[in-house]
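If you read the sequences in order, they're chains A and B. Our numbering numbers the first residue of the first sequence as 1 and each following residue consecutively. Our numbering numbers the first residue of the second sequence as 1001 and each following residue consecutively.
The hints are simulated quantities; they were obtained by calculation from the structure and are not laboratory data. Treat the hints with care, since some could be wrong.
[Unchecked claim] Using 30 angstroms as the maximum straight-line C-alpha spacing, the simulated DSS-like pairs for lysine-lysine come out as follows: (1) A:K380 with A:K448; (2) A:K164 with B:K1119; (3) B:K1076 with A:K295; (4) A:K267 with B:K1076; (5) A:K267 with A:K295; (6) A:K327 with A:K164; (7) A:K164 with A:K295; (8) B:K1169 with A:K267; (9) A:K164 with B:K1169.
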Amino acid sequence: MESDAVFGPMMARAVVVAAVLAAAVNVLVLAQDVRTEPTNIAGEWRLDNNERDTSSQAPLGDYTGIPFNDAGRLRSDTTPESIWGTLEYQCRPHSAPHQWRGLGGASILVEQNPLTREPRVYHFQFMRSLDRPVFMDGRPHPPAYAPHSWTGFSTGEWIGNTLKITTTHLKDGFLRRGGPQTTDMYAMTEFLTRHDDILTIVTVIDDPLFQDQPYVHSTTYSYDPNNRVNMETCNGSFAENGGTDRHYVPHFLPGENTDILTEWITKGGLITGGARNPAAAEDWVPLIAARGGLKTLYPEYRATLNGSITVDALKVPASRSAVSAEKMIAAQSPRDGQVHVLPVQGNVYMLVADGTNITASFGADGVTLVNTGPAGMSDKVLTAVSELARTIVSPTAANRCSGSNCPGMWGWSSPYINTVITSPAPAPPIRYVINTSAAPDYSGGNEKLATAGSNTRSGGFGAAVETVEGAAVLAHENVLGRLSTPAGGAAAPPAAALPTVTYFDDFYKLPAFFNGEPVIVYHAPDATTDGDSYVYFRRSDVISAGDLFSTVSYPLIDIARGGSVQGVIRGLNAILDLAVAEYRSQGGTWIVPGHGRLSDTADVASYRNMLVIIRDRVQNLIEKGLTLEQVKAARPSMDFDGRYGSADGPWTTGMFIEAVYRSLQEKK
Amino acid sequence: MRTLVITAAVSVLAATAGLHAQQAGRGAPPPAAREAAALDLTGNWVSVVIEDWKWRMVTPKKGVYEALPLNPVGRKIADTWDPARDEAAGEQCRSYGAANIMRVPGRLRISWQDANTLKIDTDAGTQSRLFHFAAAPPPGQPSWQGHSLARWEYGPGRGRGQARTGNLKVVTTNLRPGYLRKNGAPYSAGTTVTEYYDLNTLPNGDQWMTVTTKVEDPQYLVRHYLTTSDFKKLPDASGWNPTPCSAR
Chain A
1 MESDAVFGPM MARAVVVAAV LAAAVNVLVL AQDVRTEPTN IAGEWRLDNN ERDTSSQAPL
61 GDYTGIPFND AGRLRSDTTP ESIWGTLEYQ CRPHSAPHQW RGLGGASILV EQNPLTREPR
121 VYHFQFMRSL DRPVFMDGRP HPPAYAPHSW TGFSTGEWIG NTLKITTTHL KDGFLRRGGP
181 QTTDMYAMTE FLTRHDDILT IVTVIDDPLF QDQPYVHSTT YSYDPNNRVN METCNGSFAE
241 NGGTDRHYVP HFLPGENTDI LTEWITKGGL ITGGARNPAA AEDWVPLIAA RGGLKTLYPE
301 YRATLNGSIT VDALKVPASR SAVSAEKMIA AQSPRDGQVH VLPVQGNVYM LVADGTNITA
361 SFGADGVTLV NTGPAGMSDK VLTAVSELAR TIVSPTAANR CSGSNCPGMW GWSSPYINTV
421 ITSPAPAPPI RYVINTSAAP DYSGGNEKLA TAGSNTRSGG FGAAVETVEG AAVLAHENVL
481 GRLSTPAGGA AAPPAAALPT VTYFDDFYKL PAFFNGEPVI VYHAPDATTD GDSYVYFRRS
541 DVISAGDLFS TVSYPLIDIA RGGSVQGVIR GLNAILDLAV AEYRSQGGTW IVPGHGRLSD
601 TADVASYRNM LVIIRDRVQN LIEKGLTLEQ VKAARPSMDF DGRYGSADGP WTTGMFIEAV
661 YRSLQEKK
Chain B
1001 MRTLVITAAV SVLAATAGLH AQQAGRGAPP PAAREAAALD LTGNWVSVVI EDWKWRMVTP
1061 KKGVYEALPL NPVGRKIADT WDPARDEAAG EQCRSYGAAN IMRVPGRLRI SWQDANTLKI
1121 DTDAGTQSRL FHFAAAPPPG QPSWQGHSLA RWEYGPGRGR GQARTGNLKV VTTNLRPGYL
1181 RKNGAPYSAG TTVTEYYDLN TLPNGDQWMT VTTKVEDPQY LVRHYLTTSD FKKLPDASGW
1241 NPTPCSAR
């Protein structure tokens, strides 16, 4: 009985222990089969791949395996490697399509949700790169008028063992080191799959402006906890580019460097002293195949090499692009009858009013607007500006302290109680309107917006300062002339829409700090017209470029009103002289274009480069004696037309080429 | 006390055994590889030659071993490459063996030979590969395609009612000596080829298969040789063009 008395509770305990053990074993067994957490990819990875693009740099002109169209090929043919020496590109990281093939390995870090431990953000870091976050929390991609960067904006999702990453907002770059170029209108999709200690990365580059089908490449890394991704700092200097002209844009004219592009096939690679090693010539590669192209990617292309079929007659199972570049470009400048707001930096915001950008400074001193948008958008712009002014300058916020917890407490209570019992201050007024040109989409809202504002005026000789109705409207004096005497006998706008303050020097400074910073208006002579300005918010470090810069079209150069392509280039160079990139050739000084997405120095440089290249090509054709029609037929802007050109509408590619041609004939 | 321990142990074993039985379908045999597939690779595929075009679509000249981790012995053998000799010896399929066949441009036809054997036919060189998931026959004589054992690698979330997703891993041995590149870079009979097959859907809707291939050959390589080969799924067999092996 005694033993039973002991046995009873012990038996019960044993059964409980057994049940717990069984449950634990069950959980372990099930866990082997039904894994719920994603594959662990965090850690140090070493580039480990035996393919040409990884093991060495492709020679200039090697486009094998690239589904280039004619535009992509021309763009690459005419881009020398020395473009890396230009000031604005010296510190570029590897372009996103090439990054996984750059040397130095990769660190993958993971931020986890502290409760569920699900990955919230992955961070990819390379030797020559910026931190690249991949957001896993389901957030949307930014609007199309947000800036592009070298690494773009990435979101990810796990599909089985594979992490799928979707990246948008990428700058123009290159597919491989050595020349093959991309536009800034491509989308990138990556698939990362871990197999044992190998990480396979498949990258899809969809750039319909330069490719006839997406460019898909894959590479591998090996897990290596001892690998260390060193940080390569940028020590670029102007000297790399010759040091004589900081605005020099290296490029080849079409057909100028044909021999250079094929030297890797015919002569071999460079060896010491600039001589060539004929033994290294890759002379088994057919010249025509080295030019790339959709059909060269498929096995049946080999039949063209033995002459059994011509390339033209060859059919291949081509793929389509999933990207509409036309829509992507249009989305940067949405003509949807709405006002979209993008915070920029410091005091400055960008408002997109039916496709036209307005730059606005908000602060205690009030509001300064650079341009006012189309006339038909005035009411919506005014509403947006008023609401922003209220929320930015006098935000309504919950009281954050009480009694003695409040900083600056005095007496029995604190002034913070007033945030509860008072209503918010009215929106500060619009003090200044600055017109960067007389174009109707920039000055069309002058009357309504200036009238809604107010400014101050000193009585002089000791008289009191008085408030006057209406904001000051500031512009170059030629803008006043253009607005007050419109071409074609059109009626002049009402006086309230005209500039009240004009300048005629190289620049004009607002008489005092505005919202805590200098605001300087610079003149860009003979640019899109003879009255162009750009505006620098010096502490916020934002430049409003007006019509000098657009990310959606060629510059609208009005020869009849004093414009010239040389003037636009000079204006862009002047902006680049003021602007400084924050790091790795991106960010820092932000530039608001007249139309299109918010930009930085590299974007402006890319636009400037495009204009220089087209100008030089047209100049070359003029020197060869071609007429305007012959120049147009030669398509000197062919590789840029998909990006900036237009076959119809108010500003066509033909009109732009004519403006360049006439600019050069007049030699301004 | 001893009785108690035994009782507890028996309980644990009984519970665990019950679970295993449940997992196996209450005593039923495990599902065949075809039913348990982590991804569906069957269908027609075409190589899309974006990488190493100049070494794959055309035959490089003798001595071009760039990117190949050949050791001095391997390099010495490669330097004696003679396609005419291979043809005379009936060895023109040397570059079509399992260590390189996925790099050869062409079309693939993937199908189930039986419930546990996946078959890959190639039009280039008219080769056939068999991936055995279970009950593999014993390896016979070494061959170009060797003896391949396969298994699915499942991803997370393979819970009740969820589609199975994952990858395929294949390990191939028992190979006849061949070439890693058509111009005679050798691999030996002691080579092990490990492959991982991934399937992704591109934004344009293309079904894309990427094969990661690791070749380990202690005889001719200083380290493993790692590449990826890409294929696009085709709606039908158009373009299927069986051609014999070529040594050139």
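Worksheet item: What are the numbers of the hints that this structure violates, sorted from low to high?
Response: Failing hints, ascending: 3, 8.
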